[in-house]
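Enquirer: Residue numbers (my numbering), protein chains in the order written: chain A, 1 to 414; chain B, 1 to 391; chain C, 1 to 263.
Worth flagging that the hints you see were computed from the coordinates, not collected in a lab.
Honestly, I wouldn't trust all of these hints.
Taking lysine to any residue pairs in the SDA-like style, the calculated list, with each CA pair at most 20 Å apart, reads [stated by the list, open to error]:
no.: 1; chain 1: A; residue 1: Lys206; chain 2: C; residue 2: Gly41
no.: 2; chain 1: A; residue 1: Lys212; chain 2: C; residue 2: Glu39
no.: 3; chain 1: C; residue 1: Lys152; chain 2: A; residue 2: Val89
no.: 4; chain 1: B; residue 1: Lys190; chain 2: B; residue 2: His32
no.: 5; chain 1: A; residue 1: Lys206; chain 2: C; residue 2: Glu259
no.: 6; chain 1: A; residue 1: Lys206; chain 2: C; residue 2: Pro37
no.: 7; chain 1: A; residue 1: Lys206; chain 2: C; residue 2: Gly154
no.: 8; chain 1: C; residue 1: Lys151; chain 2: A; residue 2: Trp205
no.: 9; chain 1: A; residue 1: Lys206; chain 2: C; residue 2: Ser43
no.: 10; chain 1: A; residue 1: Lys206; chain 2: C; residue 2: Ile34
no.: 11; chain 1: A; residue 1: Lys206; chain 2: C; residue 2: Asn225
no.: 12; chain 1: B; residue 1: Lys189; chain 2: B; residue 2: Pro65
no.: 13; chain 1: A; residue 1: Lys206; chain 2: C; residue 2: Tyr157
no.: 14; chain 1: A; residue 1: Lys212; chain 2: C; residue 2: Ala162
no.: 15; chain 1: A; residue 1: Lys206; chain 2: C; residue 2: Glu39
no.: 16; chain 1: A; residue 1: Lys206; chain 2: C; residue 2: Pro38
no.: 17; chain 1: A; residue 1: Lys30; chain 2: B; residue 2: Asn130
no.: 18; chain 1: A; residue 1: Lys206; chain 2: C; residue 2: Val35
no.: 19; chain 1: A; residue 1: Lys206; chain 2: C; residue 2: Gln198
no.: 20; chain 1: A; residue 1: Lys206; chain 2: C; residue 2: His166
no.: 21; chain 1: B; residue 1: Lys126; chain 2: A; residue 2: Leu21
no.: 22; chain 1: B; residue 1: Lys126; chain 2: A; residue 2: Val89
no.: 23; chain 1: A; residue 1: Lys206; chain 2: C; residue 2: Ala156
Computed list of chain C residues with no C-beta within reach of chain A, every gap over 12 Å [said to hold, decoys possible]:
no.: 24; residue: Leu6
no.: 25; residue: Phe9
no.: 26; residue: Ser52
no.: 27; residue: Ala56
no.: 28; residue: Ser92
no.: 29; residue: Asp117
no.: 30; residue: Lys133
no.: 31; residue: Gly180
no.: 32; residue: Phe202
no.: 33; residue: Gly214
Label-pair distances were calculated between CB atoms; the ranges are [claimed, not checked]:
no.: 34; chain 1: C; residue 1: Pro38; chain 2: A; residue 2: Ala399; range: 26 to 36 Å
no.: 35; chain 1: A; residue 1: Thr151; chain 2: B; residue 2: Tyr26; range: 40 to 50 Å
no.: 36; chain 1: C; residue 1: Tyr83; chain 2: A; residue 2: Arg400; range: 44 to 54 Å
no.: 37; chain 1: B; residue 1: His247; chain 2: A; residue 2: Glu60; range: 45 to 55 Å
no.: 38; chain 1: C; residue 1: Pro38; chain 2: A; residue 2: Asp387; range: 22 to 32 Å
no.: 39; chain 1: A; residue 1: Gln284; chain 2: C; residue 2: Pro97; range: 28 to 38 Å
no.: 40; chain 1: A; residue 1: Gly297; chain 2: B; residue 2: Ile263; range: 52 to 62 Å
All C-beta atoms in this analysis are idealised placements derived from N, C-alpha and C, irrespective of residue type, glycine included.
Below, each chain spelled out in residue letters.
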Amino acid sequence: MTEPLPKPNRKNPLVRTRQPLLPPASRSHKAHGLTLAAAAGRFMLQCCGECGQYTYPAREACPNCLSADLPFKDAPTGGVLLSETRIEVTGDPYFREHMPWRTGLVRLDCGPSAVVHLHGDCGGPGSQLSLSLQLDRVGQAVLFARPVSETPDMEDDPQWREMTADPKYRRVLITDGRSPVAVALAIALKKAGAAKVFVGVADRWKPFEEQKALEAIEGVEIVDLDLTSERSIQELAMDIGAKVEILINTADHVRPTHLFNAGAINTAREAMDHTAMGLMRLAQAFGPVMRSRGADGKTGAVAWVNVLSVHGLSNVPQFGVHSAAHAACLSLSQWLRSELRQGGVRVINAFTGPLDTEWFQTVPPPKVAPKVLADAIMDGLKRGLEDIYVGDVAKDIEARLFDNPKAVEREVGQ
Amino acid sequence: MILSRARQSYDGVVLAVPVTVPYQRYSIETAHWWMGKALRALAEGAGVSHRDFDGFSVSSFTMGPDSAIALTQHFGLTPRHLDHVPMGGASGIVSIRRAARAVQACDADIVACVAADTNQVDTFRKTLANFSRFAQDASYPYGAGGPNASFALIARHYMDTFGATREDFGKLCVAQRDNALKNPHALMKKPLTLEQYLSARPIAEPFHLFDCVMPCAGAEAFLVMREETAASLGLPFVRLLSVIERHNAFPGDPVQVRGGWVIDRDELYGMADVKPDDMDFVQTYDDYAVISMMQFEDLGFCAKGEGPDFVRQHTFTIDGSFPHNTSGGQLSVGQAGAAGGHLGITEAMRQLLGVAGGTQVEGAKLGLVSGFGMINYDRGLASAAAILARA
Amino acid sequence: MNGDILATFAGALASGQIRVVDLTHTLSPDFPVIVMPPELGQSAPFRMERISRYDAAGPAWYWNNLSFGEHTGTHFDAPIHWYTGRDLPLNSVDTLPPSDMIAPACVIDCSAEAAKDADFLLTVADVAKWEKKHGRIPPRSWVLLRTDWSKKTGAAYANLLADGAHTPGPDAEVMRFLVGEREIIGFGTETIGTDAGQAGHFSPPYPAHHYLHGAGRYGLQCLANLDQLPASGAVIVSAPLKIQNGSGSPLRVLALVQERSTG
Chain A
1 MTEPLPKPNR
11 KNPLVRTRQP
21 LLPPASRSHK
31 AHGLTLAAAA
41 GRFMLQCCGE
51 CGQYTYPARE
61 ACPNCLSADL
71 PFKDAPTGGV
81 LLSETRIEVT
91 GDPYFREHMP
101 WRTGLVRLDC
111 GPSAVVHLHG
121 DCGGPGSQLS
131 LSLQLDRVGQ
141 AVLFARPVSE
151 TPDMEDDPQW
161 REMTADPKYR
171 RVLITDGRSP
181 VAVALAIALK
191 KAGAAKVFVG
201 VADRWKPFEE
211 QKALEAIEGV
221 EIVDLDLTSE
231 RSIQELAMDI
241 GAKVEILINT
251 ADHVRPTHLF
261 NAGAINTARE
271 AMDHTAMGLM
281 RLAQAFGPVM
291 RSRGADGKTG
301 AVAWVNVLSV
311 HGLSNVPQFG
321 VHSAAHAACL
331 SLSQWLRSEL
341 RQGGVRVINA
351 FTGPLDTEWF
361 QTVPPPKVAP
371 KVLADAIMDG
381 LKRGLEDIYV
391 GDVAKDIEAR
401 LFDNPKAVER
411 EVGQ
Chain B
1 MILSRARQSY
11 DGVVLAVPVT
21 VPYQRYSIET
31 AHWWMGKALR
41 ALAEGAGVSH
51 RDFDGFSVSS
61 FTMGPDSAIA
71 LTQHFGLTPR
81 HLDHVPMGGA
91 SGIVSIRRAA
101 RAVQACDADI
111 VACVAADTNQ
121 VDTFRKTLAN
131 FSRFAQDASY
141 PYGAGGPNAS
151 FALIARHYMD
161 TFGATREDFG
171 KLCVAQRDNA
181 LKNPHALMKK
191 PLTLEQYLSA
201 RPIAEPFHLF
211 DCVMPCAGAE
221 AFLVMREETA
231 ASLGLPFVRL
241 LSVIERHNAF
251 PGDPVQVRGG
261 WVIDRDELYG
271 MADVKPDDMD
281 FVQTYDDYAV
291 ISMMQFEDLG
301 FCAKGEGPDF
311 VRQHTFTIDG
321 SFPHNTSGGQ
331 LSVGQAGAAG
341 GHLGITEAMR
351 QLLGVAGGTQ
361 VEGAKLGLVS
371 GFGMINYDRG
381 LASAAAILAR
391 A
Chain C
1 MNGDILATFA
11 GALASGQIRV
21 VDLTHTLSPD
31 FPVIVMPPEL
41 GQSAPFRMER
51 ISRYDAAGPA
61 WYWNNLSFGE
71 HTGTHFDAPI
81 HWYTGRDLPL
91 NSVDTLPPSD
101 MIAPACVIDC
111 SAEAAKDADF
121 LLTVADVAKW
131 EKKHGRIPPR
141 SWVLLRTDWS
151 KKTGAAYANL
161 LADGAHTPGP
171 DAEVMRFLVG
181 EREIIGFGTE
191 TIGTDAGQAG
201 HFSPPYPAHH
211 YLHGAGRYGL
221 QCLANLDQLP
231 ASGAVIVSAP
241 LKIQNGSGSP
251 LRVLALVQER
261 STG
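Based on the provided sequences and hints, a complete structural model is requested.
Expert: As structure tokens, then:
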């Protein structure tokens, strides 16, 4: 039975904040096939294109037939526990802080045996288990086994929490309260047990409809935050930087224009200023302190979520500036990811199709309801994903990009 | 159908000059320093210059960035048979087998087999973190327990399947500590009781402190040559009756319950024309007692699954019913990296040469040495064994 | 005319006989800017990004990069700002005659009315009332509408409701009158624009902009400290940045006020 996570006490100012340590990071090139799957929450192992046998660990040739055709394919997630141990002693500094650590040897339903991280609620040898690929604190893919059926408080298992970014008892900053997704996010975060939700709002002198709805949620605090102002961001970071364990960047700036319009450059500059430059300003102000707090107790800094348009992956002419701005954000997020990884803080990109909001009024359905996006982000945090595709449009583009990015380029917006 | 023939005998191959460079828990020296000590002791023991060694076979985890060829220049050797055997606990016996064929075919006259490793403060952790691609990808990131964690999974499964208990493992460990107290080279100097064994702090269940070897620095070495060479130098020697190696045996076993010895043991005993019962002592590779138990089974001293019972039926001290790891084994002498696989060989040579001193088994004429190594991912891949006889 | 006038002026400044009142708000990122419907182009707010501050980017010096729209903070509107003034000569801030940058001001105090009604509109009747008390507005004078709006901050200052901004300003008739009948040099307010918040619904829309700039006159907005000025007699110094073809610019607006003799 998982011990429920106790509500964390206020920080003891006399105690040093622990520096984040990371689990072993080295992996072979091939092993990143698992990273790709884990990032999107899929369970994929190498499966021989010639003889059909699954194989693990990742390798360059099928041990059954020596075929080099070993793509990663979705695999059944079941397995049986063959053996287990509880590691009490290690020379590795990260794991030393997390001892004891339960691991097991699992016979996967698809064939191979695998060493796995073992959830505390898994039964002993002979138990049926459910496997997943998770990203650990250093962002590398690992196999994690959980019981087949849910158990009470299983999300609080200390090993599982190292693989996830569960909002429970964590403090969250939503950067743009004017975003149509802000209210839904705040509600979802409180439901997920977040201790506090800061909601940034620029130009408080401009009224906005959602203010009342946000203020009505217990534990929500509206704070001044203008993503286009370095000073505004830094001042907020000075106040609450050390209290943000999850940052959800909802910045967006949709202003349709035509590439050849005289004012398109201004539109682009504004969009870039709100989104790409905003992300960079946020990273400069909040990144260092979040990175330093990756091991600050059981509810230390854990995730940075960017809400991005799926059109950042392939430009849609109708929203050309928007697409370009989000492409820039995607690139910055990769940069940010490499920096935050050093503190064990994961960067999650939620790629969404057009939201069911004013700026996408002319776009035909299917569109994404803010609540659906909020729920998908919660799911991503709780499962520790890195790439989330929200809504039918985003999922369609993801699949089609995987298949043929040129076709997406030619067909999009037609 | 692949045409296969029975392998040729190892007639006329002998081993001489067992060398142990006394171990240290930690050393500020490099592996090369320990190798140099071992080579010098071999040369002095053989009464020749080290430049006369025309064969060199080396095993080490910590000699990087050097390879065997670099070591020839480092030590001033000019060999015509040069081997690097990076097979951990199996490398000692594997180097015997290869050296034996080299001297038998007169590709070389004297092969110096040397295993040495240093143990600086962070050596062991670094070795584990970079041990192999599969370990790096698929076992070390899982708690970084190293071999303790990997063998704990094998041990736990063995206990569940065959009914072995911690007391059974403890009996082997305690017996080896008794033996070690008679070996001046052993790093463990204090007696160990079963109670102490059982109540020691856990390391990786089911393993506790005394289930695990202590990494240290040290070197082991010996010479392989033809009998005529030994005679010409006036060196006492032991005979090599048979030797086997096998790697990645039974890859389909979901969890390791046996090693490659099972495949080759009939040939091992057949070539030597002896039976398991004929052995006066056995030196198993004891990185963990459960692996020794597995070797009792796989080398034919009892059937698969009877290991626990075999342990209960016997005593394993030097004067016991089944003299085993008479030096104290790695568990009580220390594990000097790759030299751990040579420890049983030098000890067996001393037993058969009658120079084992305090650990001498009365009238030992025939002995079996076994090697095991390289937990590349979830199991030890290399297994090897040799039967040695008093000349 | 001789040099004595300026010497006298300098002496009066030094002795405090002439007081200098700063009518300018501090340029800061928090100061509201005009909000246009989002699908239209927007004025960039004032932003300041550090180049260096005695640090690795400049070890001994402190300086910043600034960015802002022409119409941010306390700012000046040139005739070219509005379509009605687009074809006039000397209609941009770089060509503006320097002599126009110093001119007397009449201050019409409507602070009591504006306190009661955010949508208060200055009318010809209000001007007539003022002239009755203080005399006719001289040609080439600034008319400054005092509302004390500059004492508000943030949301109260912008006062944006669902139907737009609600701030005081002139009606269309009074602008026609001031520009046509009184030949004022310009019109100044304490609010974000020279026009009232709801002036888009007037006829013509934005009459202050329409008439002022159509006649080659100027606007000043986001003024402060109008409560420190006499109803008449102050001289305004308002020199916008010399921006090529610029439609306006933030600037420092100073008022020179002669202290009344207490003796």
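Enquirer: If a hint holds in the structure, say so; if it does not, say that too.
Expert: Hints and how they fare:
Between A:Lys206 and C:Gly41, the direct Cα distance comes to roughly 17 Å. Compliance with the 20 Å bound is thereby established for this hinted pair. A threshold of 20 Å between alpha carbons decides the hint, and for A:Lys212 with C:Glu39 the separation of about 25 Å lies outside it, so the pair is violated. Of the pairs offered as hints, the one joining C:Lys152 and A:Val89 is violated, with about 65 Å between alpha carbons and a cut-off of 20 Å exceeded. Straight-line distance between C-alpha atoms of B:Lys190 and B:His32 comes to about 31 Å, which puts the hinted pair past the 20 Å bound.
Taking the CA atoms of A:Lys206 and C:Glu259, the gap is about 40 Å. The hint is violated against a cut of 20 Å. With a C-alpha separation of about 12 Å, the suggested pairing of A:Lys206 with C:Pro37 holds against the 20 Å cut-off. A C-alpha spacing of about 8 Å is found between A:Lys206 and C:Gly154, which places the hinted pair at or below 20 Å, so the restraint holds. Annotation: proposed proximity of C:Lys151 to A:Trp205 holds, straight-line Cα distance about 15 Å (limit 20 Å).
The straight-line distance between the Cα atoms of A:Lys206 and C:Ser43 is roughly 15 Å, inside the 20 Å bound, and the hint therefore holds. Simply put, A:Lys206 and C:Ile34 have alpha-carbon atoms about 11 Å apart, close enough for the 20 Å limit, and the pair holds. Restraint check for A:Lys206 and C:Asn225: not satisfied, since their Cα atoms lie roughly 24 Å apart, outside the 20 Å limit. The suggested pairing of B:Lys189 with B:Pro65 is violated, with an alpha-carbon distance near 35 Å, which exceeds 20 Å.
For the hint linking A:Lys206 to C:Tyr157, the alpha-carbon distance of about 10 Å falls within 20 Å, and the restraint holds. Distance restraint check for A:Lys212 and C:Ala162: the Cα-Cα separation of roughly 15 Å lies within the 20 Å cut-off, and the hinted pair is therefore satisfied. Simply put, A:Lys206 and C:Glu39 have alpha-carbon atoms about 16 Å apart, close enough for the 20 Å limit, and the pair holds. Between the alpha carbons of A:Lys206 and C:Pro38 the distance comes to roughly 13 Å, so the proposed pair stays at or under 20 Å and holds.
At roughly 17 Å between alpha-carbon atoms, A:Lys30 and B:Asn130 fall within 20 Å of each other, so this suggested pair holds. Distance check on the hinted pair: A:Lys206 and C:Val35 sit about 9 Å apart at the alpha-carbon level, within 20 Å; holds. Restraint check: the Cα-Cα separation between A:Lys206 and C:Gln198 comes to about 16 Å, which is no more than 20 Å; the hinted pair holds. The straight-line distance between the Cα atoms of A:Lys206 and C:His166 is roughly 13 Å, inside the 20 Å bound, and the hint therefore holds.
This hinted pair checks out: B:Lys126 and A:Leu21 have alpha carbons roughly 16 Å apart, not beyond 20 Å. Taking the CA atoms of B:Lys126 and A:Val89, the gap is about 16 Å. The hint holds against a cut of 20 Å. Distance hint between A:Lys206 and C:Ala156 is fulfilled; the C-alpha atoms sit about 10 Å from each other, no more than 20 Å. Every beta carbon of chain A lies more than 12 Å from that of C:Leu6, the smallest distance being close to 42 Å; the non-interface claim holds.
Remark: the non-interface label on C:Phe9 is consistent with the geometry, its nearest Cβ contact in chain A lying 40 Å away (cut-off 12 Å). For C:Ser52, the shortest C-beta to C-beta distance to chain A comes to about 14 Å, beyond the 12 Å cut-off, and the non-interface label holds. For C:Ala56, the non-interface assignment is confirmed: its Cβ lies about 15 Å from the closest Cβ of chain A, beyond the 12 Å cut-off. Residue-level check passed: C:Ser92 sits 19 Å from the nearest beta carbon of chain A, beyond 12 Å.
Residue placement check: C:Asp117 keeps its beta carbon more than 12 Å from all beta carbons of chain A (closest about 20 Å). Distance check for C:Lys133 against chain A: the nearest CB is about 36 Å away, which clears 12 Å, and the non-interface claim stands. C:Gly180, annotated as away from the interface, keeps every beta carbon of chain A farther than 12 Å; the closest lies near 35 Å. Non-interface call for C:Phe202 relative to chain A: holds, since the shortest CB-CB distance, roughly 23 Å, exceeds 12 Å.
Annotated as non-interface, C:Gly214 keeps its C-beta farther than 12 Å from every C-beta of chain A; the closest such distance is 25 Å. Here the CB-CB span from C:Pro38 to A:Ala399 is close to 33 Å, well matched to the stated 26 to 36 Å. The given range of 40 to 50 Å is respected by A:Thr151 and B:Tyr26, whose C-beta atoms sit roughly 45 Å from each other. Between C:Tyr83 and A:Arg400 the beta carbon distance is about 48 Å. The supplied range of 44 to 54 Å therefore holds.
Between B:His247 and A:Glu60 the Cβ separation comes to about 19 Å, which falls outside the hinted range of 45 to 55 Å. The hinted window of 22 to 32 Å between C:Pro38 and A:Asp387 holds, with their beta carbons roughly 30 Å apart. The hint said 28 to 38 Å for the Cβ distance between A:Gln284 and C:Pro97, and at roughly 46 Å that hint is violated. With their beta carbons about 53 Å apart, A:Gly297 and B:Ile263 fall inside the hinted range of 52 to 62 Å.
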